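Numbering (the UniProt record's numbering), first residue to last: 1 to 292.
Treat the hints with care, since some could be wrong.
Estimated spans, in silico, between C-beta atoms of each pair [claimed, not checked]:
#, residue 1, residue 2, range
1, Arg231, Gly47, 21 to 29 Å
2, Asp98, Gly226, 27 to 35 Å
3, Arg231, Asp68, 37 to 45 Å
4, Ser32, Cys76, 24 to 32 Å
5, Ile67, Val235, 26 to 34 Å
6, Lys225, Glu138, 25 to 33 Å
7, Gly47, Arg236, 23 to 31 Å
Simulated from the structure, these hints should not be mistaken for lab results.
As the structure is a computational prediction, the values presented were derived from the model and not from experiment.
Positions of the beta carbon are idealized from the N, C-alpha and C atoms, including for glycine.
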Amino acid sequence: MSSHELNLLPVFARMRSDLHVVLSQRAASLRSHAGDTAIPGGRYELGDGSLEATARREAWEEIGLPIDARRVRKLCELQPFLSANELVVTPIVVLLIDPMIKPSLNPTEVERLFSLPLRAFLQHHPHPELRLALKLGEEPTEQDPVNAPWSEESGPSDWHTCRDVRWFDRRVRRHTFWDRRNPVRGLTSDILIHCAALAYGSTPTFTNLAPNQPSQAALIWLAFKGPMATRRRRVRPRMSGLEQPKDDDEKGESFRIKPDENGAGQTKEVGSSGSSGGGNAGVTTPRASSRL
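Let's have the full structure, built from the sequences with the hints guiding it.
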């Protein structure tokens, strides 16, 4: 199971019983996805009695989350996801029962912890109450984007943007949520969108998938059994920008990388999944405490 990772996704209830999710910022010294927002987790090891045991062990080692199921109750196991490094990642959602839990960070792996409203991962334009919780200012408009990240198809938003990439010769949508402390993107975004949709029985206000995008199960098959499968595990990401449309229904549309003022590539997309990938171009990420 060297190609399998487990994530433990901790959620807790705040005022009005709204759910918040606990996220970590990976240490800057790590070789892979340094500084990215992530969900605690890691690879299955011999001696782990189950996938859940792996997730709990990793969360204990990274952030000091108690292994005791009476304090951290399992809610469900989500579908497997494929990471950019082509590892199969299975998220396990847990509910923090004990309000006295205090984090204990492993500084070699984790820079800090923070929490976000789970519902926000279903919103392109968060409603005013959510904007307050996300510490966002006045919402940008098409006439006055207020330096919001560029996203031509979805329109200006200082919270959510997306772009399409080519992966295994298929079109796949990648999402970014522009939290002021650290952006949430890539695999982490995909997991949180899926979890929020299940938790609230609702669909995102944005188009989550690209046209004809493969399911996660299909992406896993393509990585391990398809014509582009490789025997090497934890490969370099094989995603690429959409330079030219390849599907008949895409003809006449242009998909090209558009640089922003900081030189970071952003892609035109149509409408609207370890550790998430991506840098922090254009976003200030001040240090914060480990308080949830």
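| Quick check: which numbered hints come out false for this structure? | 2 and 6
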